[in-house]
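Visitor: Please arrange chain B on chain A, whose structure you already have, making use of the hints.
Going line by line, the protein sequences match chains A and B. Residue 132 in our numbering is what sits at position 132 of the first sequence, and the numbering runs on without skipping anything. Residue 1386 in our numbering is what sits at position 386 of the second sequence, and the numbering runs on without skipping anything.
If you are wondering where the hints come from, they were derived from the structure by calculation, not from laboratory data. Keep in mind the model is a prediction, meaning the values are calculated, not measured. Just so you know, even glycine gets a beta-carbon here, dropped at the ideal spot from N, CA and C. Hints are not guaranteed to be accurate.
[Unchecked claim] Label pairs and their in silico Cβ distance ranges:
1) B:1302 - A:14: 18 to 26 Å
2) B:1267 - A:70: 49 to 57 Å
3) B:1311 - A:129: 33 to 41 Å
4) A:289 - B:1311: 56 to 64 Å
5) A:70 - B:1278: 44 to 52 Å
6) A:70 - B:1371: 25 to 33 Å
7) B:1302 - A:198: 45 to 53 Å
8) A:13 - B:1026: 39 to 47 Å
9) A:70 - B:1386: 23 to 31 Å
10) B:1267 - A:130: 35 to 43 Å
[To be verified] Derived, one-sided and incomplete: chain A residues facing chain B with beta-carbon distance under 7 Å:
11) 50
12) 52
13) 75
14) 80
15) 82
16) 84
17) 86
18) 90
19) 99
20) 102
21) 103
22) 104
23) 105
The lines below spell out each chain.
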Amino acid sequence: MNMLTVQDLRKSFGDFEAVKGVAFTVDKGESYGLLGPNGAGKSTTINMITGLFPPTSGEIRIKDIDVIKNPKQAQKWIGVVPQEIALYQTMSARENLKFWGRMYDLSGDELEKSVDQVLEIIGLTERAKDKVETFSGGMKRRVNIGAAILHRPELLIMDEPTVGIDPQSRNHILETVKRLNSEGMTIIYTSHYMEEVEYLCERIGIVDHGQLIASGTLRELRETIGDQSRIILTIDKENANVEQITRMLTGRFSEGNIQIQDHQVMIFHKEPQLILSDFIQSVTKTGTKITAVDIVEPNLESVFLHLTGRNLRD
Amino acid sequence: MMKVWWLARKDLLLVARDKKAFLTLILMPLLLIAILGSAFGNMMKEEDEITIKKFTLGVVNLDQGQLSEVLTEEVFSKNLSKQIQVKYYQEDDLYKKIKDHKLTVGIIIEKDFTQSLMTGKGTKVKLLSVPDTFINTTIVQNVIEQFSRSIPIEAVASQMAQPVQGGNQNSSVQEGYGKKPLLNETTIDSKTKPVSSFQYYAAAMGVMFLLMTVVQGVSTMILEKEQDVYQRLLLTNLTYPNYLLGKMIGLIIICLTQAFIIIVGTRLIFGVDWGPSISGIAVMTLAFVVNASGLGVLAGSFIKTEKAFNVAGMFGTQIMAALGGSMAPLYIFPDWIIFVTKFLPNGLALQTYLDLMSGAAFSKILPAIAGSIGLGLFFFTIGLIRLSIERRGRYA
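Pulled out of the complex, with its shape left as it was, chain A reads as follows (with noise of 0.2 Å):
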């Protein structure tokens, strides 16, 4: 059963068409992620399927609700974490989850549980006292995200939830997410980490420039780009004749494989072992002196780079 079903998204700010024919399906217990670069178009994506924003054409359904004509009925059954702290920073973590659950209708009995069990799922249970300003940017994102799901939501929204926090919080979150996954929520999680889209996503769509590029389980991606490895060679650009470069692989190798960014000059293969020297003892040829080497198994910035001639991070 489809717990969301978005068809030919479009929303144009004046000129600007921000997405384009965005379309995909989410089914009830899946993890769904969406990769793309700042800018892309996810948030805005985002924002149409919570009913924030009215598309400018397109259809949204979440269950069977119509999301456009609905979205109070709609968001009964989503829970938002967004991309911002949305919190009260002079209230204390419980006292802002209790506000948060009043709003989702909740009261008595059962909001003070669902606020302990939140403040346990978050690990805050400690600190439930103490307000959000005293809160590492961390702690802050946990309460954030406490917020959202007070009122067990069937479908858990997150927009780039782990934004400038510390390793440790991240991978709290990240647990917390999966943890929540495996009990039966459905989740979309947008990032522009693929590492914590290839973590926590049974399948992934791949956004840019408002249009969905891609998207499969991480696997299927994989394949798009015949699940090549990468062998990234960093070069020194003061003495570096690209041109000169570029002829002389393009020479050896096939071309579409070839990407030449910056400092990099990069290669996708099978089977990198068996072309490492001599794509090394091709570069050097062209009097280009080679200060690092590596090979990155095939991932999701691979596939945005494949797909886009691009880094996740650009």
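Guide: Then chain B, alone, in the frame of chain A:
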């Protein structure tokens, strides 16, 4: 519907924890009332020396006799020329001038003034004044009383010197003297009493700071709209009308609390008398907050960012405070400004507070309350329509 209350309660909690807000909302008004009330309050200590400025006395002389001429020309115009300037009016004009605060004191000398004094029957000079100028009124009152008392004595002396004209007139003069009132003092509203400087500035500063609180409240609403908590609120079960209602209720409670503290504080610390009608003060405060909040929401619907609203709010508050009489007493302004101030939430509120302090009954201020709430609802409706149109374009 409970969500509306929880939203309002949350705003109250945030304000209660904001030390800066506490200083602005409570301490600043009390401090300014103390400074301004003391600076302008020459009536606060009776033993202090008082400098009396020259003032204009409006006179309507309906008497045909000589004594009224002596009183106005010799006594007021010549002997008291350093203190009083006499101007003559028709009866209706004098009433209007006093009512409009263009004159502070006026007298109407009735047509049988001379004859009555000469025969010792006593007479009535109608003394008109605005509520908060009791020194000028007292001076005029004393002069008339001294003059009126001296005339029968002089008349007796004159009659004793002219026995031919004697008869039993002598005894009637003495009977009349001291028995009948010589002067009938009336303010424009016969039940009103003077308002002291401390009272004036307690009301004026209270109104100005309530206005500032409303601006601050609307500014916070705009700031919240710029932040993610607003979007998060819209994603809960809270509807947009409930959101606005919750914010308004929160703002009204904050303002009423502030007004309560200012009123009780000035009463306990400075002994300010806010008049006998506590219900009048409470309802007028509520009406004023509704009016000011409506104006704030209307202004906020046209101004997009919190920063821009803060700047506009600061200028707007100062201009409205100046025009509305919070900085200088209302009656020194020209007629057109006094008329315009009745359409300003703070101007209307201040005038009504002063009426209440002067002893006006609750029934007398009902038109002001109705006008204030009516204007507030009108402003709020226009603002709400504009906000809804804007919101539909932006949010689902």
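Visitor: Please list, smallest to largest, the hint numbers that this structure does not respect.
Guide: 6
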